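A.B. asks: Here the structure of chain A is known, so what remains is to put chain B in place on it, guided by the hints.
Here is how the chains run, residue by residue.
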Amino acid sequence: QSALTQPPSASGSPGQSVTISCTGTSSDVGGYNYVSWYQQHPGKAPKLMISEVSKRPSGVPDRFSGSKSGNTASLTVSGLQAEDEADYYCSSYAGSNNLVFGTGTKVTVL
Amino acid sequence: QVQLVQSGAEVKKPGASVKVSCRASGYTFTAYYMHWVRQAPGQGLEWMGRINPNNGVTNFAQKFQGWVTMTRDTSISTAYMELSRLKSDDTAMYFCARGFSNWYSDLWGRGTLVTVSS
Numbered sequence: 001q002s003a004l005t006q007p008p009s010a011s012g013s014p015g016q017s018v019t020i021s022c023t024g025t026s027s028d029v030g031g032y033n034y035v036s037w038y039q040q041h042p043g044k045a046p047k048l049m050i051s052e053v054s055k056r057p058s059g060v061p062d063r064f065s066g067s068k069s070g071n072t073a074s075l076t077v078s079g080l081q082a083e084d085e086a087d088y089y090c091s092s093y094a095g096s097n098n099l100v101f102g103t104g105t106k107v108t109v110l
Numbered sequence: 001q002v003q004l005v006q007s008g009a010e011v012k013k014p015g016a017s018v019k020v021s022c023r024a025s026g027y028t029f030t031a032y033y034m035h036w037v038r039q040a041p042g043q044g045l046e047w048m049g050r051i052n053p054n055n056g057v058t059n060f061a062q063k064f065q066g067w068v069t070m071t072r073d074t075s076i077s078t079a080y081m082e083l084s085r086l087k088s089d090d091t092a093m094y095f096c097a098r099g100f101s102n103w104y105s106d107l108w109g110r111g112t113l114v115t116v117s118s
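Residue numbers (the numbering used here), protein chains in the order written: chain A, 1 to 110; chain B, 1 to 118.
No lab work stands behind these hints, which were simulated from the structure alone.
Please read these numbers as outputs of a predicted model, since none were measured by experiment.
Any given hint could be a false lead.
Claimed, not checked - With a straight-line Cα cutoff of 25 Å, these simulated SDA-like cross-link-like pairs (lysine to any residue) come out:
1. A:68 / B:101
2. B:19 / A:98
3. B:87 / A:68
4. B:12 / A:71
5. A:44 / B:61
6. B:63 / A:11
7. B:63 / A:54
8. B:87 / A:27
9. A:44 / B:66
10. A:44 / B:21
11. B:63 / A:23
12. A:55 / B:100
Claimed, not checked - One side of the interface only, derived from the structure: several residues of chain A facing chain B at Cβ under 7 Å:
13. 45
14. 51
15. 103
C-beta atoms are modelled at their ideal positions from N, C-alpha and C, and glycine is treated no differently.
The following block holds chain A by itself, in its conformation from the complex (with noise of 0.2 Å):
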């Protein structure tokens, strides 16, 4: 199972917004909605953000959004501020009691 993929890096300043995508196949992504965004911060536990495509967890900020089309999945964070600066990664069901994880996208802050 291939890892999905994400660029390795997104940037925006304070108040922008950036959009990270995460590319699979109809195998995964495009087969289920089930594909998951987590961030993690340096030496931190990763945090879940969005699950099942686009619903965001208590707590988690609605400048986070997911949505996804085809064998694509993205999110959004929107007004970006410093604490956004983290690795985030997506994750996706690939049939058969498996998941997989993006290759992951270092958000920077500008």
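C.D. replies: Same frame as chain A, but now just chain B:
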């Protein structure tokens, strides 16, 4: 307090095995899956597999089949991950994470660093 508490860092020699524990508290241990995810230094997240603490059924990523064992002890709300035949590139942080049936994890342990070195 809802949390997952993992065992401490380990240093192992190549060829050895390591067993990492993850103790759940503040919620019903058997009501959620437990996933194991690893992260090599400076690298991304890698899903290893999961266990259903209710019945012990496991699912593994193909890469780890036959090589990793996941068990649980419901009497102490603890999940275990054992990795055998360790190699240097198994050096990583190993996380446990509470999982839902819709394949997302909302609660993560702090991680256990496993270092494999001769």
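A.B. asks: Double-check residue 45 of chain A for me: the hint is only fine if its C-beta lies closer than 7 Å to a C-beta in chain B.
C.D. replies: 4 Å, holds
A.B. asks: Run the distance test for residue 19 of chain B versus residue 98 of chain A: straight-line Cα separation, threshold 25 Å.
C.D. replies: 22 Å, holds
A.B. asks: Check the hint pairing residue 44 of chain A with residue 21 of chain B against an upper bound of 25 Å on the C-alpha distance.
C.D. replies: 18 Å, holds
A.B. asks: At a threshold of 7 Å, is the proposed contact between residue 51 of chain A and chain B supported by beta-carbon distances?
C.D. replies: 4 Å, holds
A.B. asks: Is residue 44 of chain A close enough to residue 66 of chain B, meaning Cα to Cα at most 25 Å?
C.D. replies: 29 Å, violated
A.B. asks: With a cut-off of 25 Å on the C-alpha distance, tell me whether residue 55 of chain A and residue 100 of chain B pass.
C.D. replies: Satisfied, since the Cα-Cα distance of roughly 14 Å is no more than 25 Å.
A.B. asks: Just to be careful, I want the Cα atoms of residue 63 of chain B and residue 11 of chain A compared with a cutoff of 25 Å; is the pair within it?
C.D. replies: 33 Å, violated
A.B. asks: For a C-alpha distance cap of 25 Å, please report whether residue 63 of chain B and residue 54 of chain A respect it.
C.D. replies: 29 Å, violated
A.B. asks: Take a quick look at whether residue 44 of chain A and residue 61 of chain B sit within 25 Å of each other, Cα to Cα.
C.D. replies: 24 Å, holds
A.B. asks: For the restraint on residue 103 of chain A, tell me whether the closest CB of chain B is nearer than 7 Å.
C.D. replies: Holds, about 6 Å.
A.B. asks: Given the hint that residue 87 of chain B pairs with residue 27 of chain A, test it: the Cα-Cα distance must not exceed 25 Å.
C.D. replies: 31 Å, violated
A.B. asks: So if I understand the rule, the pair passes when the alpha-carbon distance is 25 Å or less; does residue 63 of chain B with residue 23 of chain A pass?
C.D. replies: Distance of about 21 Å is within 25 Å: holds.
Hint compliance for this structure: hints 3, 4, 6, 7, 8, 9 are broken, all remaining hints hold.
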